[in-house]
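*Asks:* Listed below, chain by chain, are the residues.
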Amino acid sequence: MATKVVERKPLSLAERSYLPQIVSGLRVTMKNMFKPPVTLEYPDERPDIPPGYRGVPTLVKDPDGREKCVSCQLCEFVCPPKAIRIIPGEIPEDAETAHVEKAPEEFEINMLRCIYCGLCQEVCPEEAIFLQDIFSVTGTSREELVFKKDKLYALGGTLPDSHFKWEKKKSAELTGNPHH
Amino acid sequence: MSEGQEDKRIPIFVDDEEVKVDPGTNLIEAVAQAGKEVPHYCYHPKLSVVGNCRMCLVEMGMPGRDRATGEPMLNDDGSPKILWVPKPVIACATNAAPGMHVRTESPLVKECREGVMEFLLVNHPLDCPICDQAGECRLQEFATDYGRGYSRFIEQKNVKPKRTRLGPRVMLDDERCILCSRCIRFCEEVAEDPVLGFTDRGSYTTLTAFPGKELANNYSLNTVDICPVGALTSTDFRFKMRVWFLKETDSIDTESSVGCNTVVGSREGKIYRITPRRNDHVNDTWMPDSGRALYKEVEAENRLAAYSIEGRPCGPDEAMSLAATLLKGHRVAIVGSGRLSVEEQYLLRRVREAIGGGPPTFLVGRTGEGDGKLLSADRNPNTRGAILTGLIDELPKEDLHDLAHLIAEGGVDTLLVAGEDLTMAGVTRDQLKRVQIVYMGTHHNDTSSVAKVEIPALTVFEKSGTFVNQQFRVQKFAQAVPGPKGVLFGLSNFTRLLDTLGGGKRIAPSPANVWAEMSGDVPEFADLRFEDIPRTGSVVDDARFAHLPFPEGPGFHFNPKRAETIAGA
Amino acid sequence: MVTDTLGLVMKAFIVIGAVMTMAGYAVLLERKVAARVQGRPGPNRTQIPILGSIPVIGTFLTRLGVFQPAADGLKFLFKEDPLPGHVNKFYYVLAPMVAFIPAMLTMTVLPFGAVTDPVTGATSPIVLADLDIGILFILAVSSLGVYGIILGGWSSNSKYPFLGGVRASAQMISYEIALGLSILPVFLWFGGTLNLFNVVEGQSQVWTALVQPVSALIFLIALFAETNRLPFDMPESETDLVAGYNTEYGAFKFGLFFVGEYTHIIIGSGVFVVLFLGGWTLPFITLPAGMVGAVLSVLIFLAKVFCIVFFFMWVRWTLPRFRYDQVMNLGWNKLLPLAIGNLVFYAIVIAVIEQLN
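Protein chains in written order, with the working numbering: chain A, 1 to 180; chain B, 1 to 569; chain C, 1 to 357.
Rather than coming from a laboratory, the hints here were simulated on the basis of the structure.
This one's a predicted model, so the numbers in the text were calculated from it and none came from an experiment.
Please note that the accuracy of each hint is not assured.
Claimed, not checked - Once the Cα atoms are required to be at most 30 Å apart in a straight line, the calculated DSSO-like pairs of lysine-lysine come out as:
#, chain 1, residue 1, chain 2, residue 2
1, A, 82, B, 240
2, A, 170, B, 240
3, A, 102, B, 240
4, A, 102, B, 247
5, A, 149, B, 240
6, B, 270, A, 82
7, B, 157, A, 165
8, A, 151, B, 240
9, A, 82, B, 247
10, B, 240, A, 169
11, A, 168, B, 162
12, A, 149, B, 296
13, A, 170, B, 157
14, A, 82, B, 296
15, B, 162, A, 61
16, A, 169, B, 162
17, B, 270, A, 149
18, B, 270, A, 151
19, A, 148, B, 247
20, A, 165, B, 162
21, B, 162, A, 102
22, B, 485, A, 148
Please model the complete structure; the sequences and the hints are all you need to start from.
*Replies:* Next comes the structure, spelled out in C-alpha cells:
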C-alpha cells in the first residue's frame with residue numbers, strides 16, 4: 001500500500017499557544033448555556049407520541065364492547081419472537097355475538113419476548129390488535145409480564161370500528177336479503 | 001415398463017409440450033402428469049365426475065383432417081393444423097385423445113378462471129379469520145393464484161344457515177359452500193349412505209341432510225377432508241388450532257388390520273387431528289371416523305408414564321433389572337399384542353429366546369364386524385407382524401383360557417404382558433394375583449394394577465416403526481410427538497430388557513437396526529430394509545401363511561385369498 | 001485576651017462554615033454549569049419539606065437546585081463508610097484529612113475584605129490572621145495538600161489510585177515552581193511586601209492582571225494544575241483511571257476529598273482575586289467607611305471569587321483533558337521558562353522604573 005505523506009501547514013504561534021482555540025471553545029459553551037434545555041423531564045413531562053408509534057401491543061374492543069379478536073391466530077403465526085400464544089375458543093350459541101362464532105379463550109402476549117415490530121397489528125384481519133402509545137412496561141416477575149387477555153383488553157380499550165363487518169353481517173342475518 | 005404397455009399410452013400436447021398418458025385419463029390428471037395444474041373444485045380423483053364447478057375450464061383442440069381426403073391438415077410451415085374448439089371445455093370431464101392439444105394458460109382460460117372465481121366469491125362470506133379451512137382452503141388458494149384480486153360485488157351477500165349440525169361429527173356452514181357436491185357424491189358412492197343433497201335453486205341452493213336423516217356413518221369425516229372450502233368442519237377439530245401450525249407426520253390407523261394411511265397433525269407435542277393419507281393400494285383417500293379419535297389415548301387420564309415396582313415409582317434401570325430377575329430362571333408365560341409394532345414383536349421374541357426354555361406365548365385377538373370398507377374384522381393392526389416375526393404361529397384367540405388354565409394349574413411364576421389387559425381376555429384378577437406380572441403398556445388397567453413391575457410404553461404416535469396389514473403390506477409410521485417425560489424413547493424398553501436378560505449382541509433401539517437384525521431371522525424380510533420401505537408400503541410374500549384362516553372379509557383393495565374365511569366373523 | 005481568642009474562634013467558625021457552604025454550592029454550580037453547557041436543566045428535584053412547598057419561591061428554589069448540596073452532604077454523611085480489606089488502614093484514613101486540612105488552613109491568612117475606621121480613616125483587612133508573609137504561608141500549606149492525594153493513592157493498595165497518586169505528585173511539584181515564580185513579579189511590583197493586604201491596597205487603581213498579564217496567565221494555568229482541574233485532571237482521569245486516587249474511597253472520606261478539592265478551588269480563586277484582580281477593591285470607587293463598606297468589600301470580593309470559580313467550571317466543561325506527557329511538557333518546557341523570563345523581565349522593568357524615580 002502506497003503511503004501518502006500529507007503536507008501539514010506548520011502551526012502559527014497563536015495556534016501553538018492554544019489560547020485562541022480555548023477562547024473559541026469557551027465561546028461555544030457559553031452560547032450553549034443560554035439555549036433552552038433539550039431534555040425532557042420524563043415522569044413530569046410526557047413525550048408526544050407520534051401517530052403510528054409502536055408501543056405495547058394491546059387488544060381492543062369495538063364501540064359496542066364486543067371483543068374484536070376472533071382468534072384467527074395469524075398474529076401468533078407471524079410473531080417473529082413467538083411472544084403471542086392463543087387458545088381459540090367458541091362463542092356459545094346463546095351469546096349476543098354468537099354470529100361471530102369464534103373468540104379467544106386465552107390470549108397471551110409475553111412482553112419479555114415482544115420486540116414491538118408491529119407485524120401482529122399489520123396482519124390482523126379484524127383490526128383487533130394495536131400497538132398503541134404505552135411505551136413503558138414494568139413488572140416484578142416474569143409471570144406478571146405475560147399479559148393475559150383481560151390485561152390486554154384493559155390496556156387496549158375501545159377503538160372506533162371502520163367497517164362494522166360483523167354488525168353488517170348480523171343485520172343481514174336478521175333482515176336483509178334472506179333466502180326465501 | 002414393457003413394450004406392450006408403452007404402445008397403449010397416447011401422446012397429448014399440454015401447452016405445446018408432449019406428454020404420454022394412459023388412455024381414459026382425463027385432462028386434469030394428464031395436465032398434472034405434464035407438471036402443470038388445472039384448478040378444480042368438484043373433481044376428485046376417487047369420485048365420479050360431475051363437472052359443476054366449471055373451474056377446470058381449458059382450451060382443447062384436435063389436429064384437423066381434411067374431410068374429403070382424410071389427410072392431416074397442415075399449416076403453411078408444414079406443422080399440423082390444430083382445430084381449436086371455439087369454447088373452453090372442462091378438463092375433468094374430457095378424456096385425453098391421441099394428438100389432443102390443451103392450453104392451460106391462454107388468455108381465454110385465465111379469463112374463464114377469473115370469471116368462475118368471481119362468481120364463486122359472490123356469496124362467499126368473508127370469514128376466513130374464523131374459518132377452520134383457512135390455510136388449506138382451495139378457494140383461498142385459487143383466489144390467490146387465479147382470481148381477479150379485487151371484488152366488484154357491491155350488493156348484499158346471500159344469507160344462508162350457518163352452524164348447521166349435519167351429524168354427530170360434522171358441522172355445516174352453508175354460506176361457505178361452493179356447491180361442488182363432493183360430499184354428496186362421497187356419501188353416495190363411497191360411504192353408501194346417501195343422506196346429503198341440495199335444495200333450492202340458483203344462489204339459494206343449500207346443502208342439507210335429507211329430512212330425518214343425519215350424516216352419522218363411520219366415514220362422515222371424509223366429507224370434511226374433501227370439502228374444498230370450510231363448509232363442512234369437524235366438530236372435534238373445530239376452532240381448536242389453525243392448520244398452518246400443525247406438523248404433519250405420516251402414521252397408520254391402528255384400529256384394524258386395514259392399516260389406513262394417515263397424517264397426524266400435531267403442534268408442540270400435542271396432537272390435534274388425524275386425517276387420511278392417500279394410498280391407492282390401501283385406503284384411497286379415506287379413513288373411518290373411529291380412527292380419527294385415537295389420538296386421545298395419548299393424553300388419556302389413565303396414561304402410564306412412570307416406571308414403577310409395586311406402585312412405587314423407580315428408574316428404568318431398576319425396573320428392568322427386577323423384571324429380568326423375575327423372568328430369568330422362572331416359569332414364564334408371555335402375552336404379546338397385535339398392537340405392537342413389528343419391531344417390538346420381534347424384540348419380544350428375542351426376549352423370549354433370552355429367557356430360554358421356550359415359554360408359552362399368547363397374543364390377544366380382537367375381532368369385530370368388518371364393514372367391507374376400511375374397517376376389517378381383525379381389529380389388531382399387526383396380527384400378521386406377530387406371525388411374520390415368529391412371535392406366534394397360530395392366529396390369536398380372543399379368550400386366553402389356555403393361559404388361565406396354565407395359571408390355575410400353577411404352571412406359571414411370572415407373566416410378561418406387553419400392552420394388553422388380560423382381565424378383558426378371560427383371565428381373572430384372582431388368577432393374575434397368583435403370578436408375578438411384568439407389565440409393559442401405555443395405559444393403566446386392571447392388569448397393570450396387580451403388576452409387580454410396570455414399564456410405561458409409547459403409543460403409536462410417539463414412536464416409529466412398521467405394521468403389517470391384511471394385505472401383508474409393511475407400512476411405516478413415524479413419531480409425531482415426544483413420549484411422556486421419563487419414558488425411554490423408541491424401542492429402548494425392549495432392547496434394554498434384552499440387554500438386562502443377557503440377550504447377546506446389543507441392538508440399538510431404532511427400527512432400522514431392528515430391521516437389520518430381522519432380515520436374518522425372518523425370510524420374508526430378507527431383502528427389505530427399513531429405509532427402503534416406501535410411503536405406500538411394501539408387500540411381502542405371504543405364502544408361508546396361506547393355511548391360516550384370517551378373519552378379514554373383502555374390503556377396499558382387499559379380497560381374502562381363502563374363500564372359506566368367515567367374512568365379518 | 002479571652003474575649004479576643006473567643007472572637008477569633010467565632011470568626012474562624014463563621015469562615016469555615018462559609019467556605020464549606022461555598023464548597024457545597026460550588027458543586028451545585030459545577031453541576032448546573034455542566035448541565036447548561038450540555039443542554040440539560042441540571043439538578044432541580046431536591047426539596048426540603050417545608051421550604052420547598054412554599055408556592056412560588058419553593059418551586060423556584062427547587063428548580064434552581066438550591067437544596068441539592070444539603071442532600072449531597074447528607075448522602076456523604078449517612079452512607080455506609082467502607083474500609084476495604086487490602087488498604088493500609090492508618091494512611092488510608094489519614095489521607096482525606098491530610099487533603100482537607102491544608103485546604104482549610106490556607107484561608108486563615110487570606111484577606112477577604114477591608115474595614116475602614118470612620119474616625120481614624122485607617123484601613124485594616126478582614127482576615128483571620130494578618131500575616132506579613134501571608135503568601136508564603138499559603139504556598140507552603142496548600143502544597144501540603146498533595147500529600148493527601150499521594151497518601152490516598154498509595155495506601156489504597158490498588159493500581160488505579162496508585163497511578164493517580166503518582167501523577168498527582170508529579171504534576172503538583174511541576175506546576176508549583178511555575179506558580180511560585182509567576183507571583184514573584186507581583187510582590188516585586190508592590191515593593192517587596194509579602195503581606196496580601198498591602199498587595200490588594202496597592203491595586204486600588206489598577207489591577208495587577210493588567211500590569212502583568214503574563215504573570216496572571218501563568219498563575220492561572222498553574223492554579224488549574226494545582227487544583228487538579230480539567231484540563232489538568234491527571235489524578236482522577238475518569239477515562240483511564242476509574243476515579244484516580246480516590247477510587248477506593250467512599251462516603252464521608254470521599255466527601256472530604258471532594259470538599260477539599262472544591263475548597264482548594266475557592267481559596268485558589270481567592271488568591272487570584274487578591275493578587276491580580278484587586279481583591280475587594282473596585283477601580284475608581286472608594287468604599288464608604290464603617291460596617292457598610294466592610295460588608296460591601298466582602299461582597300465585592302465574593303463576587304470576584306464567584307466569577308473565577310465559574311471560570312473554572314466553564315473551562316472544565318469546555319476543554320478535553322491533556323495527556324500526561326503533555327502536562328509535563330507544558331509545565332517544565334513552557335511554563336517554567338516563561339515564568340523565569342517573566343520574572344527577569346519585570347525585575348529589569350522595576351529596576352529601571354526605580355532608577356527613573
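*Asks:* So, for every hint listed, does it hold in this structure?
*Replies:* Each hint tested on the structure:
Distance restraint check for residue 82 of chain A and residue 240 of chain B: the Cα-Cα separation of roughly 19 Å lies within the 30 Å cut-off, and the hinted pair is therefore satisfied. Note on residue 170 of chain A and residue 240 of chain B: the hinted pairing holds, with a Cα-Cα distance of about 24 Å set against a maximum of 30 Å. For the hint linking residue 102 of chain A to residue 240 of chain B, the alpha-carbon distance of about 10 Å falls within 30 Å, and the restraint holds. For the given pair, residue 102 of chain A sits about 23 Å from residue 247 of chain B by alpha-carbon distance, which is consistent with the 30 Å threshold.
Taking the CA atoms of residue 149 of chain A and residue 240 of chain B, the gap is about 18 Å. The hint holds against a cut of 30 Å. A C-alpha spacing of about 17 Å is found between residue 270 of chain B and residue 82 of chain A, which places the hinted pair at or below 30 Å, so the restraint holds. For the hint linking residue 157 of chain B to residue 165 of chain A, the alpha-carbon distance of about 12 Å falls within 30 Å, and the restraint holds. With a CA separation close to 23 Å, the supplied pair residue 151 of chain A and residue 240 of chain B stays within the 30 Å bound.
Among the hinted pairs, residue 82 of chain A with residue 247 of chain B is consistent with the structure: their alpha-carbon atoms are about 17 Å apart, no more than 30 Å. Taken as a hint, the residue 240 of chain B and residue 169 of chain A pair is honoured in the structure, with Cα atoms around 24 Å apart against an allowance of 30 Å. Of the supplied pair hints, the one linking residue 168 of chain A and residue 162 of chain B holds, its CA atoms being roughly 15 Å apart against a limit of 30 Å. About 28 Å separates the Cα atoms of residue 149 of chain A and residue 296 of chain B, which keeps this hinted pair within 30 Å; it holds.
About 12 Å separates the Cα atoms of residue 170 of chain A and residue 157 of chain B, which keeps this hinted pair within 30 Å; it holds. Only pairs whose Cα atoms come within 30 Å are accepted, and residue 82 of chain A paired with residue 296 of chain B is accepted, the gap being roughly 27 Å. With a C-alpha separation of about 24 Å, the suggested pair residue 162 of chain B and residue 61 of chain A falls inside the 30 Å cut-off, and the hint holds. Restraint check for residue 169 of chain A and residue 162 of chain B: satisfied, since their Cα atoms lie roughly 12 Å apart, inside the 30 Å limit.
With a C-alpha separation of about 23 Å, the suggested pairing of residue 270 of chain B with residue 149 of chain A holds against the 30 Å cut-off. Restraint check for residue 270 of chain B and residue 151 of chain A: the C-alpha separation of about 27 Å stays at or below 30 Å, so the hint holds. A distance of roughly 26 Å separates the Cα atoms of residue 148 of chain A and residue 247 of chain B; the hinted pair therefore holds under the 30 Å criterion. Proposed proximity of residue 165 of chain A and residue 162 of chain B is supported: the alpha carbons are some 16 Å apart, at most 30 Å.
A distance of roughly 13 Å separates the Cα atoms of residue 162 of chain B and residue 102 of chain A; the hinted pair therefore holds under the 30 Å criterion. For the proposed pair residue 485 of chain B and residue 148 of chain A, the alpha carbon gap of about 28 Å is at most 30 Å, so the pair holds.
The structure shown violates none of the earlier numbered hints.
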